[in-house]
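Asker: Sequence:
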Amino acid sequence: MLLAMLAFVATAWFQIGPGFVDDGQGGSRLGMQAVGLLDVDGYYHIKMGELYRTGDVQRAGVNFHWARESIWNGQFSDKDYLYHLYLVPFAALLADGPHDADGLIAAGKAACCVNMVLLTLAVFASLRVMGVRRAWLYTLLMMFFGGGYFVFRVNLNRSYMFSIALALMGYVLIARTALPQARRGAWLGLFLLSAIYALSYTASHFLLVLLAVRGVLQLLVGAPAGETRLSELRCNAITAAVIAAGILTGVLLHPDPSAALHHWWVQSIVVMALSHQDSVGRALDEVMRVLFNEQTNYARHIEIALGMELQEMGGRGLVFDNFAALFAPMLLPLFAAWARWRPSREAVLTGGVSIAVLCMFLLNMRFVEYVGPFSALAVGLWMEGVLASRGYQAWQRLAPTLSRAAPLALALIAGISVVGFWVGSGLGLRPADRGEIAPAALWLQQNPRAHGKVVYHDRWDDFCHLLFYASECDYLAGLDPTFFAVKDRERYELWRNINRGKVSDFVPAVRDTFGASYMLIHRSSSDFLYNRAQEEVRAGRLRLCIRDTEDDWALFEVVR
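Heads up: the sequence shown runs through residues 0 to 559, numbered per numbering that gives the first Met the number 0.
Please note that the accuracy of each hint is not assured.
[As the list claims (entries may be wrong)] Straight-line C-alpha distance at most 20 Å; calculated EDC-like pairs for lysine to aspartate or glutamate:
id : residue 1 : residue 2
1  : Lys-486   : Asp-511
2  : Lys-486   : Glu-293
3  : Lys-501   : Glu-471
4  : Lys-452   : Glu-471
5  : Lys-501   : Asp-487
6  : Lys-486   : Asp-255
7  : Lys-452   : Glu-534
8  : Lys-452   : Asp-526
9  : Lys-452   : Asp-55
10 : Lys-501   : Asp-511
11 : Lys-501   : Glu-489
12 : Lys-486   : Glu-534
13 : Lys-486   : Glu-231
14 : Lys-486   : Asp-526
[As the list claims (entries may be wrong)] Quick list of simulated restraints, FRET-style, between CB atoms:
id : residue 1 : residue 2 : range
15 : Asp-511   : Gly-451   : 17 to 27 Å
16 : Gln-445   : Val-215   : 29 to 39 Å
17 : Gly-96    : Asp-511   : 34 to 44 Å
18 : Gly-73    : Arg-299   : 40 to 50 Å
19 : Asn-296   : Ile-412   : 46 to 56 Å
20 : Asp-547   : His-450   : 35 to 45 Å
21 : Asp-487   : Ala-224   : 39 to 49 Å
22 : Arg-490   : Ala-410   : 28 to 38 Å
23 : Gly-73    : Gly-539   : 45 to 55 Å
Source of the hints: derived by calculation from the structure; they are not laboratory data.
No residue lacks a Cβ here, since even glycine has one placed at the ideal position from N, Cα and C.
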């Protein structure tokens, strides 16, 4: 209970950002410095919760018209379905309708607080089930192993918060299948958890990845007493079948199962192939050619601009931000050897899985969300084993003061790091506005003649703010540009060329090809496009609606 309260209060502080703000009279007052949500996706998620509450998503059905050029339009399957339903009560309680931006932002912040409580309880419960003493301590150290970027990520209104908790609890249930007396209960739990996972997030297959990594390690370590490698393989095969059945059940419970499968393929496979064309793209092309006689050509696909979280992690940031997770696998075996403690089989297996998760993070920063919890679980198993060993107890008798001071000093260093990560991120990541393009989106919302019209936008991630403020309009690219490129490569390439200033006479394409009545253009996308738009205003083919006060963007109406 104390952990849950601490998680809620700490996250509330992070979300509110208390501090001195302008009182509008030349002075200052204590208020909320973090007036918006931490990233653009959070606006999309809380607005989806509101649109589910009002029934707009249900009425749209498979035609997610808000993203006209996405595979969602005509084949919509909400990849965060259960998470969006979870957000409905927050929107209902704190927002007064779809136009209440203050209320919806408050709802998103409240959801972040509850998300952190749920994750904290999941980590604590996982540690307890695995038999780790002082589970509360290692739950707190999750932040130490995750680092500053992890602190930022867990404070976002994103569905992967469910994924982190479900992946960790799923791994614990996988480990429980090694106990004959707990096997049936673990399989039942895995089936239910996998179904929930598939309904909440695209990466439900991560459970199978964890099982595969653990299975390989089991073969290397050897079977425990009373078991054989073959019997463990049989158990793992049944466990894999249970997880797959749970995932399939979750997919079948989805409002549109076939679309859900297609979206899983695009989100989990195609996105990786297009963001890593020289490696994953080439490998996928070869697999599709050999196994299915399909020429996919992902290695030579048009460039896709995705978020930085899909890039590799490395360099100075890794050493300074994730030093605990990086050095723990090196230092713990030395500590165990010094204490003459032979690690338990479970400690070795879980330690190996945590290293595998760390390697995934090094290749793809999105896995940072899993590094903290899995490292905390592995370190908890190793540290508690060492502290209970005869070698360490002998050292306690020889050096009672030092043996007690050393763990306390390590815990103090870790605690200071946790506070530093949390407070530093909280002070440095306080959104001072509610989106750079909020005035443009509000203009669309407040002008009825724009309702029902298509808005051309040159940045795909503007979609989140546009939908949040003006769901009365439709837009081009949705939450991911890959969904646009997969649906129609030629139209995607045309959109990209316009944005980069490679199409001089762009108005006919915007008006006739994309059917747009409005254009939102940023100067940073292309000076040529931005300046050409001003010329089109003077030529009478565009009409200026609103311009940013610093001239960073402008919203135009296409004259028909």
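Asker: Going through the numbered hints above, which ones does this structure break? Give me the numbers in ascending order.
Answerer: Structure breaks hints 3, 7, 8, 12, 13, 14, 16, 18, 20, 21, 22, 23.
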